[in-house]
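Mind docking chain B on chain A? Use the hints.
These protein sequences, in sequence, are chains A and B.
Going by the working numbering, the first residue of the first sequence is number 1, and it counts up by one from there.
Going by the working numbering, the first residue of the second sequence is number 1, and it counts up by one from there.
Check the hints yourself; a few may be wrong.
The list cannot tell twin chains apart, which means a pair is met if one copy fits it or any two copies do.
[As the list claims (entries may be wrong)] Straight-line Cα separation of at most 25 Å, PhoX-like style, residue types lysine-lysine; simulated pairs: (1) 163 to 325; (2) 325 to 159; (3) 41 to 14; (4) 130 to 325; (5) 159 to 14; (6) 163 to 108; (7) 163 to 14; (8) 14 to 234; (9) 41 to 233; (10) 163 to 130.
Since the hints were derived computationally from the structure, they do not count as laboratory data.
Protein chains: 2
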Amino acid sequence: MKSMDSLLIRAAFKLPVERTPIWIMRQAGRYLPEYLAVREKAGSFLDLCMNPDLAAEVSIQPLDLMEVDAVIMFSDILTPLIGMGVDLDFNPGPDIKNPVQSVRDIEKLLIPDPSESTAYVGKILRLIRKAVAGRAPVIGFAGAPFTLACYLLENSNLKPFTKLTTLFFDDPDTAHLLMRKLTRMTIDYLNYQIENGAQMVQIFDTWAGLFNPADFETHIFPYVSEIISSLDKKGEVPVVYYINGSNHLLDSMSRTGADVIGLDWKTDIGEAQRLIGERVSLQGNLNPNILFCRPEVISRKAEEIIRSYHGETGHIFNLGHGIDKSVDPQHLLHLVRTVKQLTTRNG
Amino acid sequence: MKSMDSLLIRAAFKLPVERTPIWIMRQAGRYLPEYLAVREKAGSFLDLCMNPDLAAEVSIQPLDLMEVDAVIMFSDILTPLIGMGVDLDFNPGPDIKNPVQSVRDIEKLLIPDPSESTAYVGKILRLIRKAVAGRAPVIGFAGAPFTLACYLLENSNLKPFTKLTTLFFDDPDTAHLLMRKLTRMTIDYLNYQIENGAQMVQIFDTWAGLFNPADFETHIFPYVSEIISSLDKKGEVPVVYYINGSNHLLDSMSRTGADVIGLDWKTDIGEAQRLIGERVSLQGNLNPNILFCRPEVISRKAEEIIRSYHGETGHIFNLGHGIDKSVDPQHLLHLVRTVKQLTTRNG
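One chain only, chain A, in its complex shape (with noise of 0.2 Å):
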């Protein structure tokens, strides 16, 4: 199958198609028995992003478990730091041994070869290639600079941000330093990836949330459009941008070049679609939580969704942020089916 024949392909170029794609965030995750046992048998968080073997097999899971129609590699978004210099580890959290305190620090940051630093993403994105036989797409994705940075500057204690804060605003310069070391580093990370096969690929900023328009435009949007811009099969392999938290930052995403914006659960994808539509298609928005609700309830509420957006092309559907560990799997199973029924255009 050549990936233009997928519907997740096509409803991201806004090209026709028959029904609303479906796949959801963290769907190769922890709601899922089947992925507990592999987890197990892998040894810890990270031994399992690292095993190609079984990573592939997680990611595949959901295809025929859940039905999505794409299957998104198991990874995390920080593993690509280890290149660079980064002593990561998961307890269960990230945990960085090394934060990044100074000027020194960031200097001392790698610029790594992906085919040697993450060569076990592109042995996972080969063997579900391998695997899915075309059955579905394939989505690869990183995590956005400025995401990337919040966690080496403030490991896993985020908030409330004092380190990030002052170093963008007191130091923007070296913040500038940063930021253009961690895009260089994606743009090479995505591209290995695409060259690798992934057929769609997905930006998490899931911090960007946290700056004003204003600050967004100047300290995190020029280098998402750089990694945008400078990405392999441009037009071919769509790119999706998505933040949580982002109602206010709609205009300035959909136009960081990305062919899809990533929703989360609070904005209301038909005022969002009135806002950017024209310029991009719409990934989402079903509030994470009504997964823990009656399956007649999550129907409706997926029916709200569908009802919201316009036209029979362009939306993507998929939680507004990634599902929770405690769902019950024939929950999600049932929201995927609701969905293919309630969109599969007659004739």
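Just chain B, lined up with the frame of chain A:
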């Protein structure tokens, strides 16, 4: 001094002001060594809340120390729940020993007489009014029903808001029962504060930003509107309605009947003014983390907000969220003086 003589009350009602008033959410708090000394003397956090003399003392501290334009009574949004039969403690975060787990638990919640269950709040307000002697207006406050419900259901482990979500969407009738009781309690509580000297009241709905606009309209808006329309001295005692993470809800918020909308720091205040500035005054909205930065940066970021807001009244300067306990008080004092200087009209 009549309250209408104060900058704060006039700005809230869009009456002419000589300059923009400023106060700070959590201005009576842990960043001040003088607060910590009194807190030490009081015993626990709850002991301080319930000790009228000491609570009044810490309330007034920032008036002289930080030169702010208003005094907000020292208290916590959860303390009025005690009179409803809730077993509340702070360790140091809120800890509810008997969270709401059933319809029965909701039915058991009492609607207290605030002059009995929160007599200490009446005393605090009267003591503040007496001590301040007209030098500044006095602000009362309450938590909004939805935000109180979050704590009553989830206790301090709010995320992922499982109980809250299933109550509101699986069982809206029971949610309504809970919201009705909290609304009733809050009306009485705020009217008691107004009766005892509060010259402006703020309704804190910290968590309401969790819901999308449609769910906000259904499950939150009616109760907030009812509270506001049931307050005594409407048109004399202005009402501020604050939500953290509210950019997607600004239009709804501006239709609650509130005189002032408290903005978080993510929304551009000029954009908010274009959207809802005809209906309401605006409070905010400096990123609270900017107070960690150098004084020059604090000045520049304050100026950006002042320039973004157009017109000579209708703006109350504040942070977009409470001040962090690690902020240097001298930085806050610098902000207050800067805002006063930048907004003073000539002539």
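Results for each hint:
In this assembly of identical chains, residue 163 and residue 325 lie within 25 Å of each other by CA distance solely across copies; the values are 15 Å between and 30 Å within a copy. Proximity of residue 325 to residue 159 under the C-alpha cut-off of 25 Å is found in both arrangements, the shortest distances being 23 Å within a copy and 12 Å between copies. Proximity of residue 41 and residue 14 under a CA criterion of 25 Å is satisfied in neither setting, with 41 Å inside one chain copy and 65 Å between copies. Taking CA atoms no more than 25 Å apart as the test, residue 130 paired with residue 325 passes in neither setting, with 28 Å inside one copy and 54 Å between copies.
Neither within a single protomer nor between protomers do residue 159 and residue 14 lie at most 25 Å apart by alpha-carbon distance, with minima of 38 Å and 35 Å respectively. Taking CA atoms no more than 25 Å apart as the test, residue 163 paired with residue 108 passes inside one copy only; the shortest distance there is 18 Å, against 47 Å between copies. In this assembly of identical chains, the alpha carbons of residue 163 and residue 14 never lie at most 25 Å apart, being 41 Å within a copy and 38 Å across copies at closest. For the identical chains of this complex, residue 14 and residue 234 are intra-copy neighbours only, at 15 Å inside a copy versus 51 Å across copies, given an alpha-carbon limit of 25 Å.
In this homomeric assembly, residue 41 and residue 233 never come within 25 Å of each other (Cα to Cα): the closest approach is 36 Å inside a single copy and 66 Å across copies. Taking identical chains as interchangeable, the C-alpha atoms of residue 163 and residue 130 are never at most 25 Å apart, the minima being 44 Å within one chain and 42 Å between chains.
The structure is inconsistent with the numbered hints 3, 4, 5, 7, 9, 10, although it conforms to all the rest.
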